[in-house]
Every structure is written in C-alpha cells, then in structure tokens.
Amino acid sequence: MSKHSGGTYYAGSLRHRIEQIVSRISRIDASEFQDDVLIREELGIDSLMSMEILATCEKELELRLDEATFACVETVGEFFQLLETTYEEQKAAG
Amino acid sequence: MRILLVSPRGEFLGRSRAFADFLRNSREMRTILHYWNGLGAALPTIAALTPPEHNVSIVDENYQTLDLNQDADIVGISAMTQQAVRAYEIARAFRQRGVYVVLGGIHATVAPDEAVRNVDTVFMGEAEQTWPQFLRNFQEGAAKRVYRASDYGPVDMTTIPLPRYDLLSGTRYPVVWVQATRGCPHDCEFCTASQVYGRSYRHKSPAQIAAEIREVKRYWKSAQVGFADDNMFVNRRFVSTLLDEFETLPFTWYAQSDIGIAGDRELLRRLHQTGCRIIFVGLESVVEGNLVNLNGNKWKARRFARYGEHIRAIQESGIGVYASFIVGMDEDDHSVFDRTIDFVNQHHIMGAQVTILTPFPGSRLRQRLLDSGRITSSDWRLYTAWNLVVSHPILTHAEIEEGLLRIYRSIYSEESYRDRARYFRQVFQNLVSCG
Ligand code: SF4
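From first to last, the protein sequence lines are chains V and E. Note that my numbering has the first sequence beginning at 19, numbered continuously upward. Note that my numbering has the second sequence beginning at 2, numbered continuously upward.
The hints are simulated quantities; they were obtained by calculation from the structure and are not laboratory data. Every residue gets a Cβ at the ideal spot worked out from N, C-alpha and C, and that includes glycine. Take every hint as true, because none was put in to throw you off.
Some chain E residues well away from chain V (every beta-carbon gap over 10 angstroms; in silico):
{"hint": "1", "residue": "T66"}
{"hint": "2", "residue": "Y101"}
{"hint": "3", "residue": "S151"}
{"hint": "4", "residue": "G171"}
{"hint": "5", "residue": "T172"}
{"hint": "6", "residue": "H187"}
{"hint": "7", "residue": "E289"}
{"hint": "8", "residue": "D339"}
{"hint": "9", "residue": "L370"}
{"hint": "10", "residue": "S414"}
Partner residues are not named here, just some residues of chain V that face chain E (Cβ under 7 angstroms, in silico):
{"hint": "11", "residue": "E60"}
{"hint": "12", "residue": "G62"}
{"hint": "13", "residue": "T74"}
{"hint": "14", "residue": "K77"}
{"hint": "15", "residue": "E85"}
The whole structure should be built from the sequences, with the hints applied where relevant.
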C-alpha cells in the first residue's frame with residue numbers, strides 16, 4: 019500500500035473516530051459536521067466542551083494536545099484538520 | 002383580528018464607555034454576550050394561547066425591525082423593566098393611530114399603576130388564563146383595564162400549549178430559552194421573579210418539555226437550549242423523570258439552580274450525562290455579611306462557608322458553573338473587587354456574571370432603599386443591573402464602575418482563561434479515566 023493511499027485510508031478512519039467522539043460529547047449528529055460550519059457559533063461547542071473533547075481524544079486516540087489548540091480554530095474543518103495533523107505528527111515522532 | 006406581539010428593544014448592559022471598550026476587545030466576553038439574550042418563551046406562548054381564528058405575528062425588536070405603522074387590532078407588548086421606556090414609546094405610537102395596546106411581563110406586574118397610564122390594558126402575573134379572557138372581553142367590547150393572574154389562581158403548567166416558535170423561525174437565535182418550571186422558594190431581597198411566579202414550585206410535564214425541545218430544534222438546529230426557570234431542580238422526583246426523557250433527546254443545555262444541587266452526586270452525574278453543560282448559580286456575594294439578610298431563612302448565608310466545596314462538586318461532574326455576583330451591596334467595602342477576583346480564580350469558576358446592586362420595582366430591596374432615600378435614579382433604561390442607580394454607604398459611583406471593570410478584566414484575561422482550560426482539562430481527564 020502506498021504511503022499516500024495508506025495515509026488517506028488512515029485519515030479517513032481517524033476522522034470518523036474523532037467525529038464519533040465529538041458527536042457523543044456535543045450530542046450533535048455527526049452529519050452536521052460539515053467543514054465550513056463554525057464550531058462555536060453554529061455548533062455551540064464552547065471552551066468547556068472542547069476540553070472534554072480534548073481529554074477524550076487523548077484517552078481514546080492517545081493524542082497529546084495543548085489547551086490553547088481549540089482557541090485557534092474557527093470551523094469544523096480546521097478542528098478536524100488540526101487533530102488529524104497532530105495525530106500524524108505524534109505517530110511519526112513515535 | 003390581527004394581533005401583533007412585540008418584545009421591545011432594550012439595553013442589557015451598562016453605559017460605561019470603558020466597559021463598552023473592554024467588551025469590544027474581549028473575545029471571551031463577545032462569545033458570552035452572543036449567548037446572552039436569545040428568544041424567550043413568553044410571546045410564542047401568548048401566540049399559542051390565541052384562538053386560531055385570529056391572525057398573530059411576533060416582532061422581537063432585539064433582532065428585527067418593528068414597523069410602527071403596521072396594521073393591527075391589538076398590539077401586545079411584554080417588557081422587563083429596562084424595556085419599559087421603549088414599550089411606552091411603542092404604545093404611544095400605536096395608540097395615536099387608534100390601535101388598542103396591552104402590556105404584560107415583569108414590569109407591568111410590578112409597576113401596574115405606571116403601566117396603566119401608558120397602555121389600554123395591563124396584565125399582572127402569568128397570562129395563561131387572563132389573555133384568553135381578555136380576548137373574549139375585547140370582542141364583546143368589555144375589556145378591562147387590569148387583568149390580575151391572582152384572581153384566577155395559579156396556572157397549571159401542564160395545560161400550557163406548545164409555544165408558537167414557528168412565528169419566529171426566520172430569525173437566527175443563538176439560544177432559545179425554554180420554560181419548564183416556575184417558582185423559587187428563596188425570596189431574595191433584590192429578586193422580582195418570585196413576585197411574578199410566586200414561591201411555590203410548579204412544572205410542565207416531562208413529555209411536554211421534551212416536545213418543546215424537539216420543536217425548538219426543528220426550527221433552530223444549532224441554537225443552544227437554555228432553561229429560563231429561576232431554580233430548575235427544586236423537585237428532585239420531577240427532575241429525575243425529566244432526565245429520563247432527556248436521555249434520548251440529542252441536545253446540550255443550560256439551566257439555573259441554587260447551589261443545593263451540589264450535594265447530590267447522582268443528580269450531577271445524570272445532568273452531565275443528559276447534556277447539561279452549564280449551570281447558572283446565584284452566589285450573590287463573596288462577603289458573608291451581605292447574605293445574612295438576603296433571604297428570611299438565611300438560606301444562602303448558611304451555605305456560604307461551603308461555596309468553594311459546592312462549586313468543586315458541580316464542576317468535577319463535568320458541568321461548568323456560571324456564577325452570578327452582585328457588587329455594591331451594603332456590606333461591601335473597597336476590598337470586594339479583589340475578593341471577587343480571587344474567589345473566581347481560586348475556584349476556577351468557568352464563568353461569572355458580576356452586576357451592580359439594582360433596586361428593581363417590586364423587590365423588597367427597592368422599598369428598603371426608598372425608605373432610606375438611597376435611590377438616585379428611576380430612569381428604567383438604566384435598570385440593566387450594570388449601572389449604579391443607588392448610593393452606597395462607602396463606595397463612590399466611580400469606585401464601583403472602576404472596580405467592576407477590574408473584575409471583568411481579570412477574570413476574562415488570557416491568563417485566567419488558560420488557567421480554567423487547564424483545570425477543566427484535568428477534570429475531564431479524571432472523568433474519562435474513571436468512565
Ligand atoms: S434564588 Fe434566584 S430566583 Fe430564587 S429568589 Fe433568589 S434570586 Fe430569585
């Protein structure tokens with residue numbers, strides 16, 4: 019399997035797992051998570067909920083994230099992208 | 002008949018320039034303010050109580066433009082005190098054209114003599130029984146000047162119809178406030194809520210509340226649901242069946258409660274599990290002396306020593322406490338501002354609303370301050386709880402305004418935000434590892 023296709027498959031399943039976590043905590047159906055949706059204003063995910071999401075991602079995906087992470091993102095797409103990139107980087111760094 | 006229901010434009014903050022500048026520049030405060038107002042259930046409920054042969058519309062002036070030349074047979078206005086001046090302006094404009102104007106809501110309930118000079122009919126208290134009665138009388142040409150809910154007995158909330166949210170479905174609200182219960186047993190000196198709903202606790206049925214939430218979510222998918230109830234969890238048996246209903250409803254929500262829930266760990270666990278994310282709690286003051294005469298039974302004073310422990314219990318359940326404090330109370334001195342900052346930061350309180358003591362009409366506080374000649378303004382536009390309208394025994398006007406701003410700057414600083422984020426991250430790490 020090429021690196022590219024492996025990465026694509028991998029990111030896809032990772033996104034699905036992140037979506038499940040966010041959906042469980044925010045109690046919002048994952049179908050609402052379109053990339054251009056505003057995470058605070060449209061989904062109502064506030065800083066408190068984001069800490070719950072981060073703590074759960076840490077536990078379930080073994081991902082280390084900074085608290086300030088959430089403050090920098092505006093949209094659902096940016097949020098998932100950030101988690102995916104962090105995951106890939108931490109995996110690569112072992 | 003064409004019936005137009007109006008929520009008048011109102012100021013909800015203070016007039017201090019420095020405070021306005023701070024709000025503009027604080028990202029966290031802007032987010033909080035975004036969720037501040039929203040849609041209340043009062044006018045959609047009145048619309049639902051109106052027989053279907055009438056044509057009802059609603060204008061919420063805080064989100065829409067009101068056309069004062071609009072055709073209507075009856076204009077019904079619901080106003081809080083800070084909206085009263087605008088309510089009277091609207092009434093004047095419609096009455097000049099011969100339109101019949103009625104006023105209800107908190108201000109009409111607590112200041113009926115003033116209201117009746119400005120409108121044709123005044124509603125005091127809950128309108129579920131008086132509004133349909135008024136409509137019948139109006140059509141018979143026999144509308145009364147004043148309708149008192151107390152003449153009809155307390156409303157059975159299980160008979161309240163599903164609010165007509167459809168009438169405002171075109172407006173984008175960040176939060177929709179649903180009313181599940183009424184009444185609060187505490188009778189705080191500054192509070193007017195108990196004047197309107199009384200001290201006995203009543204509620205809608207769990208199925209009725211669930212239907213309302215489904216209706217809200219039908220029109221505002223991304224809006225937050227807040228419960229407007231003054232003290233939602235008083236009746237634990239009712240709350241338990243309500244939470245059963247919420248288990249299958251995919252939504253997150255906010256509520257208001259007294260600090261008494263902190264002792265019930267199982268309730269807190271279930272609240273979080275069913276989507277409760279923030280609870281607004283009136284702590285009122287970090288100065289114990291201010292709480293002593295607040296309620297007849299000293300309810301809050303008796304819990305003061307354990308405030309910190311109670312906040313920890315709620316927040317460690319994964320629910321943020323949004324605490325409200327009042328500055329400018331009689332026992333405050335120059336230290337109250339720093340003490341409030343320290344308290345909020347020390348207990349990692351998720352959010353705090355700090356306001357200035359305001360003698361709202363109808364409150365016991367107003368009578369006491371009137372008797373001692375301490376009320377400096379009765380311009381209702383200033384009654385937002387963010388302006389100083391009384392004199393204080395020690396603190397000057399400038400000291401209170403400056404101190405309030407200092408509190409906000411500190412508790413919503415980047416540093417405090419980071420500290421709270423770290424704290425809640427730890428809370429959720431603990432919950433996740435136990436879960
Ligand atoms: S606890 Fe809240 S609602 Fe109840 S009387 Fe006091 S201020 Fe009013």
